[in-house]
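Participant: Take a look at the letters that make up each chain.
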Amino acid sequence: MGEPTITETSLKAALTERLNAVHVEVTDMSGGCGQSFTSLIVSPQFAGQNSLKRHRAVNAALRDEIAAIHAWSAKCLTPEEWQRDKEKNGAAAEGPPLDGTVQGHVTGVDA
Amino acid sequence: MFARPLFSATIRQAARPIARPVVCSRPKPFLTAFQQRFLSDQTRKAIEKAVSSAPVVLFMKGTPETPQCGFSRASIQILGLQGVDPNKFAAFNVLEDEELRSGIKEFSDWPTIPQLYIDKEFVGGCDILVSMHQDGSLAKMLEEKGVLAPLDGTSEAKQ
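Each protein sequence line maps, in turn, to chains A and B. Residue numbers for the first sequence follow the working numbering, beginning at 3 and rising by one. Residue numbers for the second sequence follow the working numbering, beginning at 30 and rising by one.
A couple of the hints might just be wrong.
With a Cα cut of at most 25 Å, we get these calculated DSS-like pairs of lysine-lysine [stated by the list, open to error]:
#1 A:14 x A:55
#2 A:14 x A:88
#3 B:117 x B:74
#4 A:90 x B:169
#5 B:149 x B:169
#6 A:88 x A:55
#7 A:55 x B:169
#8 B:149 x B:78
#9 A:14 x B:78
#10 B:169 x B:117
#11 B:174 x A:55
#12 B:169 x B:74
These are calculated hints, taken from the structure and not from any lab test.
Put together the whole structure using the sequences plus the hints.
Facilitator: This is how it looks when you write it as structure tokens:
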């Protein structure tokens with residue numbers, strides 16, 4: 003079947019295009035099998051939306067991709083929030099969320 | 030805290046003839062969430078009943094005692110840290126029921142497990158729960174909903 007392979011690069015491109023994101027980081031947390039990803043998405047589109055709405059927008063933008071992979075995690079920020087977080091925590095603290103993983107790797111069964 | 034099976038055998042049996050044909054007609058790995066969208070009335074009713082079964086309801090992989098996924102484990106830990114009253118909490122193990130596992134995703138319009146409901150309202154998944162835990166909004170919401178375990182011992186809990 004012609005299912006396109008989902009990679010950090012393909013997800014990043016999709017999020018950048020579909021959510022007008024100005025900054026996207028996608029990390030494969032499956033240990034290389036391409037099934038679990040975590041992301042940091044910075045888009046002006048999130049302004050005025052609560053966390054649930056932002057995640058719903060991401061889920062809708064990546065409907066097929068999320069259905070095909072094992073695990074998906076996202077942090078959704080506006081450019082202003084991202085800037086504020088960077089100033090507060092330092093650049094090193096920024097990045098996709100790793101909660102629920104074991105040192106950045108997902109354990110457990112399929113989504 | 031406890032987990033209970035969602036569907037009685039009769040409901041499951043009744044739902045099967047309607048639910049199966051669509052799912053079985055295609056090879057499973059290639060089904061997208063969109064193609065899988067199919068929620069029988071019976072499944073929807075059973076999920077509505079589950080959502081209303083307690084003020085705080087978590088759909089998870091595994092049980093609170095033995096979570097089968099890191100995200101479900103993190104969610105359970107957060108609810109425990111927040112001090113949610115076990116008497117006002119119910120957990121449903123989606124791994125015990127394939128219809129629940131796919132049905133809850135459509136019901137909530139949310140593609141992943143775990144999923145948290147408070148007062149029948151969808152709150153979010155693990156990412157949202159973690160950020161609400163960190164920014165204090167979860168504590169506020171749980172307090173307002175009156176679902177925290179009482180601090181002053183009204184029962185034998187106090188030594």
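Participant: Now tell me if each hint is right for this structure.
Facilitator: Results for each hint:
About 20 Å separates the Cα atoms of residue 14 of chain A and residue 55 of chain A, which keeps this hinted pair within 25 Å; it holds. A distance of roughly 20 Å separates the Cα atoms of residue 14 of chain A and residue 88 of chain A; the hinted pair therefore holds under the 25 Å criterion. Under the criterion of a C-alpha separation no larger than 25 Å, the hint pairing residue 117 of chain B with residue 74 of chain B is consistent with the structure, at around 21 Å. For the proposed pair residue 90 of chain A and residue 169 of chain B, the alpha carbon gap of about 24 Å is at most 25 Å, so the pair holds.
Between residue 149 of chain B and residue 169 of chain B, the direct Cα distance comes to roughly 17 Å. Compliance with the 25 Å bound is thereby established for this hinted pair. For the given pair, residue 88 of chain A sits about 23 Å from residue 55 of chain A by alpha-carbon distance, which is consistent with the 25 Å threshold. The straight-line distance between the Cα atoms of residue 55 of chain A and residue 169 of chain B is roughly 19 Å, inside the 25 Å bound, and the hint therefore holds. Between residue 149 of chain B and residue 78 of chain B, the direct Cα distance comes to roughly 10 Å. Compliance with the 25 Å bound is thereby established for this hinted pair.
Straight-line distance between C-alpha atoms of residue 14 of chain A and residue 78 of chain B comes to about 39 Å, which puts the hinted pair past the 25 Å bound. Pair hint residue 169 of chain B plus residue 117 of chain B holds up; C-alpha atoms about 16 Å apart against a cutoff of 25 Å. Restraint check: the Cα-Cα separation between residue 174 of chain B and residue 55 of chain A comes to about 21 Å, which is no more than 25 Å; the hinted pair holds. Proximity of residue 169 of chain B to residue 74 of chain B is assessed by CA-CA distance (about 30 Å); at most 25 Å being required, the pair is judged violated.
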